[in-house]
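Just so you know, the protein sequences line up as chains C and P, in that order. For the first sequence, my numbering begins at 1 and goes up steadily by one. For the second sequence, my numbering begins at 1001 and goes up steadily by one.
No wet-lab data here; the hints were simulated from the structure. A few of these clues could be false.
Stated by the list, open to error - Okay, derived cross-link-like pairs now, SDA-like style, lysine to any residue, Cα gap no bigger than 25 Å in a straight line:
| id | chain 1 | residue 1 | chain 2 | residue 2 |
| --- | --- | --- | --- | --- |
| 1 | P | Lys1136 | C | Ile28 |
| 2 | C | Lys99 | P | Ile1228 |
| 3 | P | Lys1362 | C | Ile19 |
| 4 | C | Lys99 | P | Pro1256 |
| 5 | C | Lys350 | C | Asn315 |
| 6 | P | Lys1362 | C | Ala30 |
| 7 | P | Lys1136 | C | Ile19 |
| 8 | P | Lys1362 | C | Arg23 |
| 9 | C | Lys119 | C | Thr92 |
As the list claims (entries may be wrong) - To spell it out: a stretch of chain P is covered by chain C in this simulated footprint if at least three of its residues, at any positions, have a beta carbon under 8 Å from a beta carbon of chain C; those stretches are:
| id | region |
| --- | --- |
| 10 | 1175 to 1184 |
| 11 | 1226 to 1236 |
| 12 | 1244 to 1252 |
| 13 | 1273 to 1280 |
| 14 | 1288 to 1298 |
| 15 | 1306 to 1315 |
A virtual CB, placed ideally from N, CA and C, is assigned to each residue, including glycine.
Each chain, letter by letter, is given below.
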Amino acid sequence: MSELTINPGVELRNSQLEIHHFRLRLAIVAGFVLTMFSLLFVRFFYLQVIQYEHYHTLAEANRISIVPIVPNRGIISDRNGVILAHNYSAYTLEITPAKVDDLEALINELAEIVDIAPKDRRRFKKLLEESKRFDSLPIRTRLSEEEIARFAANRYRFPGVEVKARLFRQYPQAELFSHVVGHIGRINQRDLDQLEADELLANYRGTDYIGKTGLEQSYERHLHGTTGVEEVEVDSGGRAVRTLLRTPPVSGSNLVLKLDARLQEVIYRAFGDRRGAVVAIEPGTGGVLAFVSKPGFDPNLFVDGIDPQNWNELNNSPDRPMVNRALAGTYPPGSTFKPYMALAALTYGKRTPQQTISDPGYFMFGGHMFRDSRVGGNGVVDMYKSIVVSSDTYYYMLANDLGIDAISRFMAQLGFGSRTGIDLASESAGILPSQEWKMKRFKQKWYAGETISIGIGQGYNAYTPLQLATAIATIANDGVMFRPHLVDFVEDIRTRERTFIEPKPLRTLAVKPEHLAVVKQALVGVNKEGTGRRAFAGAEYVSAGKTGTAQVIALKQGEKYVESRVQERHRDHALFIAYAPADKPKIALAVIVENSGFGARAAAPIARQVLDYYLLGKVPASAVKDDDATPD
Amino acid sequence: MPPLIRRVTRRLTAHVDGLLLGAVLLLMAAGVIVLYSASNASLPRVSSQLVNMLVALGVMWVFANIPPHYLMRLSLPVYVLGLLLLIGVALFGEVVNGARRWLNIGVTRIQPAELMKIAVPLMLAWYFNRYEATLKLRNHIIAAALLVLPVGLIARQPDLGTAVLIFAGGCYVLFLAGLSWRIIAGVTVAGLASLPLLWPVMHDYQRQRILTLLDPAQDPLGAGYHTIQSTIAVGSGGLLGKGWMNGTQTHLDFIPERTTDFIFAVYSEEFGLLGTVVLLFLFLLVIARGIVITANAPTLFTRLLAGAIALTFFTYAFVNMGMVSGILPVVGVPLPLISYGGTSLVTICLGFGILMSIQTHKKLVQT
Chain C
1 MSELTINPGV
11 ELRNSQLEIH
21 HFRLRLAIVA
31 GFVLTMFSLL
41 FVRFFYLQVI
51 QYEHYHTLAE
61 ANRISIVPIV
71 PNRGIISDRN
81 GVILAHNYSA
91 YTLEITPAKV
101 DDLEALINEL
111 AEIVDIAPKD
121 RRRFKKLLEE
131 SKRFDSLPIR
141 TRLSEEEIAR
151 FAANRYRFPG
161 VEVKARLFRQ
171 YPQAELFSHV
181 VGHIGRINQR
191 DLDQLEADEL
201 LANYRGTDYI
211 GKTGLEQSYE
221 RHLHGTTGVE
231 EVEVDSGGRA
241 VRTLLRTPPV
251 SGSNLVLKLD
261 ARLQEVIYRA
271 FGDRRGAVVA
281 IEPGTGGVLA
291 FVSKPGFDPN
301 LFVDGIDPQN
311 WNELNNSPDR
321 PMVNRALAGT
331 YPPGSTFKPY
341 MALAALTYGK
351 RTPQQTISDP
361 GYFMFGGHMF
371 RDSRVGGNGV
381 VDMYKSIVVS
391 SDTYYYMLAN
401 DLGIDAISRF
411 MAQLGFGSRT
421 GIDLASESAG
431 ILPSQEWKMK
441 RFKQKWYAGE
451 TISIGIGQGY
461 NAYTPLQLAT
471 AIATIANDGV
481 MFRPHLVDFV
491 EDIRTRERTF
501 IEPKPLRTLA
511 VKPEHLAVVK
521 QALVGVNKEG
531 TGRRAFAGAE
541 YVSAGKTGTA
551 QVIALKQGEK
561 YVESRVQERH
571 RDHALFIAYA
581 PADKPKIALA
591 VIVENSGFGA
601 RAAAPIARQV
611 LDYYLLGKVP
621 ASAVKDDDAT
631 PD
Chain P
1001 MPPLIRRVTR
1011 RLTAHVDGLL
1021 LGAVLLLMAA
1031 GVIVLYSASN
1041 ASLPRVSSQL
1051 VNMLVALGVM
1061 WVFANIPPHY
1071 LMRLSLPVYV
1081 LGLLLLIGVA
1091 LFGEVVNGAR
1101 RWLNIGVTRI
1111 QPAELMKIAV
1121 PLMLAWYFNR
1131 YEATLKLRNH
1141 IIAAALLVLP
1151 VGLIARQPDL
1161 GTAVLIFAGG
1171 CYVLFLAGLS
1181 WRIIAGVTVA
1191 GLASLPLLWP
1201 VMHDYQRQRI
1211 LTLLDPAQDP
1221 LGAGYHTIQS
1231 TIAVGSGGLL
1241 GKGWMNGTQT
1251 HLDFIPERTT
1261 DFIFAVYSEE
1271 FGLLGTVVLL
1281 FLFLLVIARG
1291 IVITANAPTL
1301 FTRLLAGAIA
1311 LTFFTYAFVN
1321 MGMVSGILPV
1331 VGVPLPLISY
1341 GGTSLVTICL
1351 GFGILMSIQT
1361 HKKLVQT
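All chains should be modelled from the sequences, with the hints used to inform the complete structure.
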């Protein structure tokens, strides 16, 4: 201890006191140390005991990523197993916009590696505007093997871009079923809001598509299935380390329809280039056998998001291919209304079958002349003849005798003016005119003169082809009306259990069987010796039918309709309702051919082809040529 | 036991403090165990740390055998050398990761700040010892200048962690040397008052760290990420921990720097509050032994030096655990004796060697 020897006096003098002071200060520091360590202990106790649950949850949330497994969408097929909608697996190139700074530049660079058409860019832009979620969006779908390989080699250049294997919806029948099957499309904000309202949002985690129209929409819940989940342990980089738990998804159920795809095709071909609609129904069940609205569109265009060019084309076409004519198009029934008028007359005791009128070719009411379509009239006309030759005068008079209230009361029973309840959304109710309806619609009272043309299915009358088909099917089924339905059964893909859409009788008409028999007999007469005889000449079965012509524009008082003078779009619609075989009807249908003139000429031959095919299996060679028939 | 072996053993252990060594070895053992887990069972990493430990223990033994008065003679030259090197760093230092900390001296690169961890307490202890008889306020001011000079240079590099540690060590010396309470109170008040003035001269990342401490959630993926994830690790450890090698935050890579500065998060996650208390107890044991040695040290030089070493060790442990558990800002301070890395381990054990030397040479003198 050399220091001690340097200055011994000072050291000795102060040492005791100094050591005392020093130790005091050291004790203070030791107290400080203890305090700080106690503070740490309190902090640890707080984190590890008091807040344990909270941090445990956070750590688990860090560790476990819940990945939804999207179920396969159910397959839709016709009654014979013909596929109408199915899924196929394909690779898509997807961009997550949230991870990319300059999308334009990125897409340009990508275009050097994979083929990106202007159409793809437009569609991507549209998707980008619609998507609110931080999703990856497809820039290209259906990549070829070569493109995948090229992208894989250049992957490092494109952060935020990846190739994904996805299931795609495909509609092999394309246009043929566009209005029945409908299509799916990417989920948009409105769909999300709806799903949230229905508390289905959880089941749509990871799902990009939802049914937008047709059966894809109305049977969405059956088709979608139940989303599975995979609990995956992930590291901080989001890489999956291992699977902790897996609840497999449950595939959506398959839909098997009552529809007959080949029948549908026969109808489509029979139409050629013309516009119109056909609905064919099995009278005893309400099962829909054919459901055509022409023109249609290719639903495949909508699957990955339609590009604006195609969208505009479809929307701006004067043919309005996006309108489901069979379901939402409303047309005056024309003379196809007459059999129901006759039945109403019998039921309300306004006519007997034998009662005759004299038909001079017109009916005068309140100074107005209501013309018969047959110049000079049909002479002496009883009820049978009134239907077979389609006498207008007979029904002008009858309408006047029945009055609007009785007509609308009776027609309501047949489903006119109300939705049939078919398993498709967006059905139109049509217009069944009545005093109340007019008051509500126009705030005007009904004029007795307006009742006259109601009698021949003109005036305010406007019904959908589906309603026309349902009404004639009800007559064919002896007054028992079934709710029309497209789907026969829903098949659970795991259990193979089939849930049938049970035939559901809606109501039985309050009519006497003998009255019904009179009308049915007359309908048979139409095809045998009346306005439908040319179209049904030589048929190997007995059928019942009624022609009709619906005016598109009202003619001036006393003006005669001359087809060649009228613009194509303003020409009359041709209608035909029918069922067969007459004694035990297997099929009832309504046909409307837009702007094609007389029903007997344009619509009846199509009905003939439908019945020939459905009852006899005859496949017609070509589109129906206009028959040179007389006006109905 | 043959007399020769007994003499050799006695010669080897004469200057070793058994209690301190025992506590240090237990902490090192805990360090190896947790490092094994933190490094995902990386044997190269663990064996490299074992080598570091052996070197550190060797250094400790060497310094335990150097009598304190030799160290006293070295104080001034080492301090001056350290200061010159720090100035050299400021002028010619190499920038690594945005900080100018390294100096290339031809053969190798060195971090002079590490040297100052020992040199500053040595210098201050030497200075106070020299003017012991006539200690006045003036001496405290000079001592404070001797402290602030290197701390300022280090903070400028920037190496906030080391600066904090050295500054704290120096403050302990000033306090133990008898700085008057009035001055302490005055400086404390002035210091708190000048905090707002400090703000503009701080580096952006330093400001960010302080803001982050106040509210880690404001930038959960950026500056707050370290604190948030280490706090989750600690909290989710619970009472008993998730078990060795079972920490999810650790093994799924959520804890950043998990073998070095944030190794305590790993320990705490896997061994829970119970393990943490054991660790706190071991740290306290080392500090307490250091304080006892300080209390019994024979001269002012040894007292101040021992106190500075023991309390700097405490500061190390406290700042690190405080930072990992989210009550202190993130500064680069490793957990002493536990964190992976040779440099701080050697410096700390060197300090413990000095403590042992102070304790055992006094005994030898007395006997």
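Results for each hint:
For the given pair, P:Lys1136 sits about 22 Å from C:Ile28 by alpha-carbon distance, which is consistent with the 25 Å threshold. A C-alpha spacing of about 24 Å is found between C:Lys99 and P:Ile1228, which places the hinted pair at or below 25 Å, so the restraint holds. Of the pairs offered as hints, the one joining P:Lys1362 and C:Ile19 holds, with about 15 Å between alpha carbons and a cut-off of 25 Å not exceeded. Distance check on the hinted pair: C:Lys99 and P:Pro1256 sit about 23 Å apart at the alpha-carbon level, within 25 Å; holds.
Simply put, C:Lys350 and C:Asn315 have alpha-carbon atoms about 48 Å apart, too far for the 25 Å limit, and the pair is violated. For the suggested pair P:Lys1362 and C:Ala30, the alpha carbons sit about 22 Å apart, so the restraint of at most 25 Å is met. Restraint check for P:Lys1136 and C:Ile19: the C-alpha separation of about 17 Å stays at or below 25 Å, so the hint holds. At most 25 Å may separate the alpha-carbon atoms for a hinted pair to count; P:Lys1362 and C:Arg23 meet this at roughly 17 Å.
This hinted pair checks out: C:Lys119 and C:Thr92 have alpha carbons roughly 15 Å apart, not beyond 25 Å. Restraint check on the region 1175 to 1184 of chain P versus chain C: 3 residues with Cβ-Cβ distances below 8 Å, three needed, restraint holds. Coverage of the region 1226 to 1236 of chain P by chain C holds in this model, with 7 residues showing a Cβ closer than 8 Å to a Cβ of that chain against a need of three. With a cut-off of 8 Å between beta carbons, the region 1244 to 1252 of chain P has 3 residues touching chain C; three or more are needed, and the interface restraint holds.
Note: the region 1273 to 1280 of chain P has 4 residues with beta-carbon separation from chain C under 8 Å; the three-residue rule is met and the coverage holds. With 5 residues having a Cβ less than 8 Å from any Cβ of chain C, the region 1288 to 1298 of chain P passes the three-residue criterion, so the hint holds. A stretch counts as covered by a chain when three or more of its residues have a beta carbon under 8 Å from one of that chain; for the region 1306 to 1315 of chain P and chain C the count is 3, and the coverage holds.
Figure legend: structure checked against the earlier numbered hints; the only hint not met is number 5.
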